[in-house]
Amino acid sequence: MDPATRAFTELKGELALLRRAIEHVAAEKADIEIPDYSNTLAKIAKALIAIESAPALQMTPEDLAARIEAAAALARREDQAAIAELKRELAEARRDLRTTIGTAATIAQQERERWRWAGGGFVAGCLLMAVLPGFAARLAPTDWHWPERLAARTVREPTLWEAGTRIMRADSPHAWQSIADAAELRRDNHEAIDACEQQAANGLSPKFLPATGRALGRCDAHRWA
1 MDPATRAFTE LKGELALLRR AIEHVAAEKA DIEIPDYSNT LAKIAKALIA
51 IESAPALQMT PEDLAARIEA AAALARREDQ AAIAELKREL AEARRDLRTT
101 IGTAATIAQQ ERERWRWAGG GFVAGCLLMA VLPGFAARLA PTDWHWPERL
151 AARTVREPTL WEAGTRIMRA DSPHAWQSIA DAAELRRDNH EAIDACEQQA
201 ANGLSPKFLP ATGRALGRCD AHRWA
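Numbering-wise (the numbering used here), the sequence shown opens with residue 1 and increments by one.
You may find that some hints are simply not true.
[To be verified] Simulated restraints, written as ranges between beta carbons of each label pair:
#: 1; residue 1: 62; residue 2: 85; range: 53 to 61 Å
#: 2; residue 1: 122; residue 2: 181; range: 43 to 51 Å
#: 3; residue 1: 65; residue 2: 42; range: 33 to 41 Å
Hint data in this document are derived by calculation from the structure and do not stem from the laboratory. For every residue, glycine included, the Cβ atom is placed at its ideal position computed from N, Cα and C.
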(Lines of atoms letter the chains of each structure in order from A and count residues from 1; the text may use other names and numbers.)
(Lines give C-alpha, C1' and ligand atoms only; values in the text may rest on other atoms or scores of the structure.)
Protein backbone atom coordinates (compact mmCIF):
# COMPACT_ATOMS: atom_id res chain seq x y z
CA MET A 1 0.00 0.00 0.00
CA ASP A 2 1.30 3.33 -1.02
CA PRO A 3 1.75 6.05 1.59
CA ALA A 4 -1.14 8.15 0.35
CA THR A 5 -3.57 5.28 0.62
CA ARG A 6 -2.32 4.42 4.10
CA ALA A 7 -2.66 8.05 5.25
CA PHE A 8 -6.18 8.23 3.89
CA THR A 9 -7.11 4.99 5.62
CA GLU A 10 -5.77 6.26 8.97
CA LEU A 11 -7.63 9.56 8.56
CA LYS A 12 -10.81 7.67 7.84
CA GLY A 13 -10.37 5.62 11.01
CA GLU A 14 -9.82 8.70 13.09
CA LEU A 15 -12.92 10.36 11.67
CA ALA A 16 -14.95 7.28 12.46
CA LEU A 17 -13.63 7.31 16.01
CA LEU A 18 -14.44 11.01 16.36
CA ARG A 19 -17.97 10.46 15.08
CA ARG A 20 -18.60 7.69 17.55
CA ALA A 21 -17.33 9.93 20.37
CA ILE A 22 -19.60 12.78 19.31
CA GLU A 23 -22.58 10.42 19.10
CA HIS A 24 -21.78 9.13 22.57
CA VAL A 25 -21.62 12.66 24.01
CA ALA A 26 -24.89 13.60 22.36
CA ALA A 27 -26.52 10.52 23.82
CA GLU A 28 -25.27 11.39 27.30
CA LYS A 29 -26.56 14.96 26.99
CA ALA A 30 -29.92 13.66 26.00
CA ASP A 31 -30.00 11.60 29.15
CA ILE A 32 -29.16 14.62 31.44
CA GLU A 33 -32.25 16.18 33.16
CA ILE A 34 -31.91 19.98 33.32
CA PRO A 35 -33.78 21.48 36.38
CA ASP A 36 -36.35 24.27 36.01
CA TYR A 37 -34.97 27.50 37.55
CA SER A 38 -37.90 29.68 36.60
CA ASN A 39 -39.40 29.84 40.11
CA THR A 40 -36.04 30.58 41.69
CA LEU A 41 -35.33 33.26 39.16
CA ALA A 42 -38.77 34.78 39.79
CA LYS A 43 -38.10 34.94 43.52
CA ILE A 44 -34.72 36.53 42.91
CA ALA A 45 -36.34 39.09 40.65
CA LYS A 46 -38.95 39.97 43.27
CA ALA A 47 -36.24 40.34 45.93
CA LEU A 48 -34.25 42.62 43.67
CA ILE A 49 -37.34 44.72 43.02
CA ALA A 50 -37.97 45.00 46.81
CA ILE A 51 -34.38 46.01 47.39
CA GLU A 52 -34.53 48.59 44.65
CA SER A 53 -37.74 50.04 46.11
CA ALA A 54 -36.29 50.28 49.66
CA PRO A 55 -36.34 53.85 51.09
CA ALA A 56 -32.64 53.74 51.86
CA LEU A 57 -31.80 53.18 48.20
CA GLN A 58 -34.22 55.90 47.19
CA MET A 59 -32.41 58.45 49.36
CA THR A 60 -30.07 61.02 47.90
CA PRO A 61 -26.79 61.91 49.61
CA GLU A 62 -28.44 65.11 50.85
CA ASP A 63 -31.30 63.12 52.40
CA LEU A 64 -28.82 60.76 54.02
CA ALA A 65 -26.83 63.67 55.48
CA ALA A 66 -30.04 65.25 56.82
CA ARG A 67 -31.08 62.01 58.47
CA ILE A 68 -27.64 61.57 60.02
CA GLU A 69 -27.80 65.13 61.35
CA ALA A 70 -31.28 64.52 62.79
CA ALA A 71 -30.11 61.30 64.46
CA ALA A 72 -27.10 63.10 65.90
CA ALA A 73 -29.31 65.92 67.21
CA LEU A 74 -31.63 63.36 68.84
CA ALA A 75 -28.66 61.60 70.42
CA ARG A 76 -27.37 64.93 71.72
CA ARG A 77 -30.77 65.75 73.20
CA GLU A 78 -30.90 62.36 74.89
CA ASP A 79 -27.37 62.86 76.22
CA GLN A 80 -28.27 66.31 77.50
CA ALA A 81 -31.36 64.89 79.19
CA ALA A 82 -29.24 62.15 80.80
CA ILE A 83 -26.67 64.73 81.95
CA ALA A 84 -29.43 66.94 83.36
CA GLU A 85 -30.88 63.95 85.24
CA LEU A 86 -27.43 63.08 86.55
CA LYS A 87 -26.92 66.67 87.73
CA ARG A 88 -30.30 66.61 89.45
CA GLU A 89 -29.49 63.34 91.22
CA LEU A 90 -26.08 64.71 92.20
CA ALA A 91 -27.68 67.86 93.62
CA GLU A 92 -30.16 65.74 95.60
CA ALA A 93 -27.34 63.55 96.90
CA ARG A 94 -25.38 66.65 97.91
CA ARG A 95 -28.44 68.08 99.66
CA ASP A 96 -29.08 64.79 101.44
CA LEU A 97 -25.42 64.65 102.47
CA ARG A 98 -25.59 68.18 103.86
CA THR A 99 -28.76 67.28 105.72
CA THR A 100 -27.10 64.16 107.12
CA ILE A 101 -24.00 66.11 108.15
CA GLY A 102 -26.18 68.78 109.75
CA THR A 103 -28.17 66.12 111.59
CA ALA A 104 -24.96 64.44 112.76
CA ALA A 105 -23.59 67.79 113.92
CA THR A 106 -26.84 68.51 115.75
CA ILE A 107 -26.75 65.09 117.39
CA ALA A 108 -23.11 65.63 118.39
CA GLN A 109 -23.98 69.06 119.78
CA GLN A 110 -26.89 67.59 121.72
CA GLU A 111 -24.61 64.84 123.01
CA ARG A 112 -22.08 67.42 124.17
CA GLU A 113 -24.86 69.41 125.84
CA ARG A 114 -26.08 66.29 127.59
CA TRP A 115 -22.57 65.52 128.85
CA ARG A 116 -22.23 69.14 129.94
CA TRP A 117 -25.49 69.01 131.89
CA ALA A 118 -24.56 65.62 133.33
CA GLY A 119 -21.16 66.94 134.43
CA GLY A 120 -22.76 70.03 135.92
CA GLY A 121 -25.31 67.91 137.74
CA PHE A 122 -22.58 65.63 139.04
CA VAL A 123 -20.52 68.57 140.31
CA ALA A 124 -23.60 70.19 141.83
CA GLY A 125 -24.50 66.89 143.49
CA CYS A 126 -20.99 66.54 144.87
CA LEU A 127 -21.08 70.08 146.22
CA LEU A 128 -24.51 69.48 147.70
CA MET A 129 -23.37 66.24 149.31
CA ALA A 130 -20.31 68.04 150.67
CA VAL A 131 -22.27 70.97 152.10
CA LEU A 132 -25.58 69.44 153.12
CA PRO A 133 -24.29 66.93 155.73
CA GLY A 134 -22.28 69.63 157.51
CA PHE A 135 -25.23 72.00 157.46
CA ALA A 136 -27.55 69.30 158.80
CA ALA A 137 -24.98 68.28 161.43
CA ARG A 138 -24.77 71.86 162.72
CA LEU A 139 -28.56 72.03 163.02
CA ALA A 140 -28.86 68.71 164.87
CA PRO A 141 -28.88 68.57 168.70
CA THR A 142 -25.46 68.52 170.32
CA ASP A 143 -25.96 65.20 172.08
CA TRP A 144 -26.47 63.52 168.73
CA HIS A 145 -22.79 64.13 167.94
CA TRP A 146 -23.44 64.46 164.22
CA PRO A 147 -20.42 66.69 163.52
CA GLU A 148 -18.15 64.24 165.32
CA ARG A 149 -19.65 61.27 163.47
CA LEU A 150 -19.34 63.16 160.19
CA ALA A 151 -15.67 63.85 160.96
CA ALA A 152 -15.10 60.16 161.80
CA ARG A 153 -16.70 59.11 158.52
CA THR A 154 -14.65 61.70 156.64
CA VAL A 155 -11.33 60.38 157.98
CA ARG A 156 -12.62 56.78 157.58
CA GLU A 157 -12.17 55.74 161.19
CA PRO A 158 -14.58 53.30 162.86
CA THR A 159 -14.92 55.15 166.20
CA LEU A 160 -15.02 58.74 167.37
CA TRP A 161 -11.99 58.11 169.58
CA GLU A 162 -9.84 56.85 166.73
CA ALA A 163 -11.05 59.69 164.52
CA GLY A 164 -10.16 62.25 167.22
CA THR A 165 -6.75 60.64 167.71
CA ARG A 166 -6.02 60.84 164.01
CA ILE A 167 -7.17 64.45 163.78
CA MET A 168 -5.09 65.57 166.80
CA ARG A 169 -2.02 63.75 165.55
CA ALA A 170 -2.43 65.33 162.10
CA ASP A 171 -2.94 68.83 163.55
CA SER A 172 0.00 68.85 166.02
CA PRO A 173 2.24 65.80 166.20
CA HIS A 174 4.27 67.31 169.08
CA ALA A 175 1.21 68.05 171.21
CA TRP A 176 -0.17 64.62 170.45
CA GLN A 177 3.09 63.01 171.53
CA SER A 178 2.91 64.91 174.83
CA ILE A 179 -0.60 63.62 175.40
CA ALA A 180 0.51 60.08 174.55
CA ASP A 181 3.46 60.34 176.93
CA ALA A 182 1.20 61.63 179.72
CA ALA A 183 -1.22 58.78 179.13
CA GLU A 184 1.62 56.28 179.25
CA LEU A 185 2.92 57.88 182.48
CA ARG A 186 -0.53 57.62 184.02
CA ARG A 187 -0.84 54.00 182.95
CA ASP A 188 2.55 53.01 184.35
CA ASN A 189 2.09 54.92 187.67
CA HIS A 190 -1.61 54.83 188.17
CA GLU A 191 -1.37 53.49 191.75
CA ALA A 192 1.00 56.26 192.92
CA ILE A 193 -1.03 58.91 191.12
CA ASP A 194 -4.24 57.60 192.67
CA ALA A 195 -2.58 57.75 196.11
CA CYS A 196 -1.47 61.35 195.52
CA GLU A 197 -4.96 62.31 194.45
CA GLN A 198 -6.37 60.66 197.56
CA GLN A 199 -3.89 62.44 199.82
CA ALA A 200 -4.63 65.75 198.14
CA ALA A 201 -8.29 65.16 198.82
CA ASN A 202 -7.41 64.59 202.51
CA GLY A 203 -5.69 67.97 202.81
CA LEU A 204 -2.11 66.77 202.41
CA SER A 205 0.47 68.13 199.99
CA PRO A 206 1.47 65.08 197.92
CA LYS A 207 4.57 64.88 195.81
CA PHE A 208 4.58 62.39 193.00
CA LEU A 209 7.83 60.60 192.28
CA PRO A 210 7.60 58.81 188.93
CA ALA A 211 8.94 55.33 188.35
CA THR A 212 12.62 55.02 187.51
CA GLY A 213 14.06 51.80 186.13
CA ARG A 214 12.44 48.93 187.92
CA ALA A 215 11.30 51.11 190.85
CA LEU A 216 7.63 51.95 190.84
CA GLY A 217 6.38 55.46 191.21
CA ARG A 218 5.40 56.60 194.71
CA CYS A 219 3.69 59.45 196.38
CA ASP A 220 5.26 61.34 199.33
CA ALA A 221 2.90 63.59 201.20
CA HIS A 222 2.99 66.08 204.08
CA ARG A 223 0.45 68.40 205.52
CA TRP A 224 0.13 71.94 204.34
CA ALA A 225 2.15 74.36 206.42
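Tested hints:
One distance hint, 53 to 61 Å for the beta-carbon pair residue 62 and residue 85, is violated here, with the actual separation near 35 Å. One distance hint, 43 to 51 Å for the beta-carbon pair residue 122 and residue 181, holds here, with the actual separation near 47 Å. For residue 65 paired with residue 42, a C-beta distance near 37 Å keeps the hint of 33 to 41 Å intact.
Going down the numbered hints, you'll see the structure goes against just number 1.
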